[in-house]
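Trainee: Residue strings, one per chain:
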Amino acid sequence: MLQITGLTKRFGGISAISDVTMTFNPGTLTAVIGPNGAGKSTFFNLISGAFRPDAGEVLFKGENITGMNRAAIVRRGIGRAFQVASFFPSMTVAENLMAAIAAHRGQWADLNHRFPRQGVRARALEVAEMLGLQDSAGVLSANLSHGDQKLLDIAVALALEPSMLLLDEPTAGMGPEERWRMIEKVQRLWQVQNLTLAFIEHDMDIVFGIASSIRVLCYGRVLAEGTPAEIRANPAVIEAYLGTPDAEDDL
Amino acid sequence: MGRAHTLRDIAIGCLVVAVLAAIPWMLPGKAFQDFVIRCASMALFATSLNLLVGYTGLSSFGHGLFYGLGTYSFALLMQKTTVSLPLAFLLTLLISAATAVVVGAICIRLRLIYFAFVTLAMQMLAHSVIISWVGLTGGDQGLQGGIPRRVVAGIDLGNQYNLYVFSAAMLVIGLLLMRHIVATTFGTSLRMIRDNETRAAFLGISVWRVKLTVFVLAAVFASAGGMVMSLFVSGAYPELINWPISGDAIFAIVMGGVGSFLGPTVGTMILLLLNDVVTRQTEYYGLALGIIILLFALGLRRGVLDFVTERLGGRPAGGIH
Numbered sequence: 001m002l003q004i005t006g007l008t009k010r011f012g013g014i015s016a017i018s019d020v021t022m023t024f025n026p027g028t029l030t031a032v033i034g035p036n037g038a039g040k041s042t043f044f045n046l047i048s049g050a051f052r053p054d055a056g057e058v059l060f061k062g063e064n065i066t067g068m069n070r071a072a073i074v075r076r077g078i079g080r081a082f083q084v085a086s087f088f089p090s091m092t093v094a095e096n097l098m099a100a101i102a103a104h105r106g107q108w109a110d111l112n113h114r115f116p117r118q119g120v121r122a123r124a125l126e127v128a129e130m131l132g133l134q135d136s137a138g139v140l141s142a143n144l145s146h147g148d149q150k151l152l153d154i155a156v157a158l159a160l161e162p163s164m165l166l167l168d169e170p171t172a173g174m175g176p177e178e179r180w181r182m183i184e185k186v187q188r189l190w191q192v193q194n195l196t197l198a199f200i201e202h203d204m205d206i207v208f209g210i211a212s213s214i215r216v217l218c219y220g221r222v223l224a225e226g227t228p229a230e231i232r233a234n235p236a237v238i239e240a241y242l243g244t245p246d247a248e249d250d251l
Numbered sequence: 001m002g003r004a005h006t007l008r009d010i011a012i013g014c015l016v017v018a019v020l021a022a023i024p025w026m027l028p029g030k031a032f033q034d035f036v037i038r039c040a041s042m043a044l045f046a047t048s049l050n051l052l053v054g055y056t057g058l059s060s061f062g063h064g065l066f067y068g069l070g071t072y073s074f075a076l077l078m079q080k081t082t083v084s085l086p087l088a089f090l091l092t093l094l095i096s097a098a099t100a101v102v103v104g105a106i107c108i109r110l111r112l113i114y115f116a117f118v119t120l121a122m123q124m125l126a127h128s129v130i131i132s133w134v135g136l137t138g139g140d141q142g143l144q145g146g147i148p149r150r151v152v153a154g155i156d157l158g159n160q161y162n163l164y165v166f167s168a169a170m171l172v173i174g175l176l177l178m179r180h181i182v183a184t185t186f187g188t189s190l191r192m193i194r195d196n197e198t199r200a201a202f203l204g205i206s207v208w209r210v211k212l213t214v215f216v217l218a219a220v221f222a223s224a225g226g227m228v229m230s231l232f233v234s235g236a237y238p239e240l241i242n243w244p245i246s247g248d249a250i251f252a253i254v255m256g257g258v259g260s261f262l263g264p265t266v267g268t269m270i271l272l273l274l275n276d277v278v279t280r281q282t283e284y285y286g287l288a289l290g291i292i293i294l295l296f297a298l299g300l301r302r303g304v305l306d307f308v309t310e311r312l313g314g315r316p317a318g319g320i321h
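For the record, the sequence lines run as chains S and C.
Numbering-wise (the numbering used here), the first sequence opens with residue 1 and increments by one.
Numbering-wise (the numbering used here), the second sequence opens with residue 1 and increments by one.
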C-alpha cells in the first residue's frame, strides 16, 4: 500500500527523520510509537505532504507521491486527522462534513448552485454515522466535547473516501475511559471500512491491545518493527522506550 | 429546496423595492429619499466589505479604493466620453474588477496585519493620484460639471424620485447577488478558509484562488455602490476615495454585525442616522461616534443584528473573534 524508502527530513542542522524505510501493507492497523521528539508527527507530515522530504521516496499504490502537495496526496487517497482536532468551528457537524465532501467533489469554486448540492447531505450523514456522530449532526462543532471534536476531525478525513488513514494521537488529551471508547470506534472503522490505518499512540495498553503491527521510531530512525509480541520482546525497544517490567511497576 | 430559497429572497427583494417606491406618496419631502439613496450606496459598499471581513476573515482596510474608483471612473466616463449610462456602468465594473485582480494579487498572500496595511497603502496611493492629477480629476476640488445623459431605459435619473427608486433597486439587486454568493459552495469555501485555512487546503481547496475571487467580487459591488453615490452628488470627490471612507464601512459592519448577512445594511442605517442627528447638534461628531462604537464593542460585544439573532436563539454565521 505505502512503501517508504530512505525518507529524510532536516530542520536546520537537525535531522528530524533520517533514512526511514518502512512498508504499510494493505488492510493493516499499524501503531507508530516512540518517545517524545522521535519524529512521529514529522513522519506523518512528510507522508501527507505538509512537509517536503529532503531525501527518500514515498510510493503509494505503486505511484511515486514524493514531494506532492497536500491536496494532490489527499486526492490519491491518504487522509489524515490531527493531534489537535482540526475542523471548522463556526459550522455544525453536518456542515463540516458537507463542506469537506463538496470540496472533495471539486465544487469549492462553484458560484452557481446553492450549498449543499444534491447528494452531499445524505453522504455527510452516512459519514457521521460511521463514527457515531449522527445524533450531533445539528450541533455547532465548537460546542462539541473534546472527544467528539477528535471524532469529527477523523470524520472530515473520512469524508474524502481515503483508502489509507493517518491518525496523529487520536486519544490525545482524553481520560482513560474516553480513550477506550475512541479506540473501539477507530478499530470498528478500520474493520468495517476496510481501511489501511496507521496511528500514533502513547498508551501502550492500547497499542498492544489493538495494533496488528508496530513501528518504533527513536531519534528519527526506525528502532524496530514487527508484531506486538516481537516488539514486546525486543531488547532495544525495552531499553529505549518500554523499560523493564520492574521499572514499570515502580511507576 | 435551493431554488425555493432563491425565489423567496427575490420575492422579498421585489416587495422591499415596491414598498420603498410607494413611501414618497405618503411621506413627501426630499430628506427621506436622500437618506435612502445614501444608505443604498453605503450599504452596498459595507456589505461587499463584509464578504471579505466577516465571511473570509480578510480584514481589508483599503476597500474604499474600489468605492472611490467607482465614483471617479463612472463620472469620468460619463463626462469625457459619449457612452450611455448603462455602458458606463458596466465599464466601471470591469475597470474595478481589473484593478482588484492586480491589487489582490499583491495583497492576498500577506497575513492578517500586513494584508490590512498594504490594502490601506493601496487606497492612500489611489487617493494621492486623484489629488495630484488635477487636469483629469479636478484635484482636491473634486470632479465637477455634473453627470450628463442620465437616462436608463427612458427613465431620467436626473429626477430625484427616479434616482431614489433606482438606488433602492440597485441595493436590492446587489444584496440578492451577494446573498447568492455566500449561499453557494464557493460561499462555504470562504467560511472554511476563515475558520481553518490549513484544513481547507488539506481538503483540496485552492486557498489563494478563492481569496482572489472574493476580493474581485467585493470590489465590483463596492464600485456599484460608488456609482450610486456619484449619481447622487453629480460627480466625484476625493473624500469618497480617502481612507476614512473605509473606516466608515468597517464601523457600519461592526455596529450592524459581522455574522449576519444584513448586519452591514443595518449598521449603515445606524451610522447615517447618527451622522445626521449628531452633526445637527454638535461639531464633535467624531467624539460622539467614537463613544457609540465603544459601547457596541465593549457593551454588546457584537453588532445589533448579531445580538438580535442570538437572542432569538439563532446562530450568526460566525465572525471575527
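Calculated directly from the structure, the hints in this document are not laboratory data.
You may find that some hints are simply not true.
Computed footprint of chain S on chain C; a stretch qualifies when at least three of its residues, placed anywhere within it, have a C-beta under 8 Å from a C-beta of chain S [unchecked claim]:
(1) 171-185
(2) 202-210
(3) 280-293
Heads up, the beta-carbon is just placed ideally off N, CA and C, and yes, glycines get one too.
Trainee: Next step is simple, just say for each hint if it's right about the structure.
Mentor: The hints, checked one at a time:
| no. | hint | verdict |
| --- | --- | --- |
| 1 | 171-185 | holds (count 5) |
| 2 | 202-210 | holds (count 7) |
| 3 | 280-293 | violated (count 0) |
The earlier numbered hint that this structure contradicts is number 3, and it is the only one.
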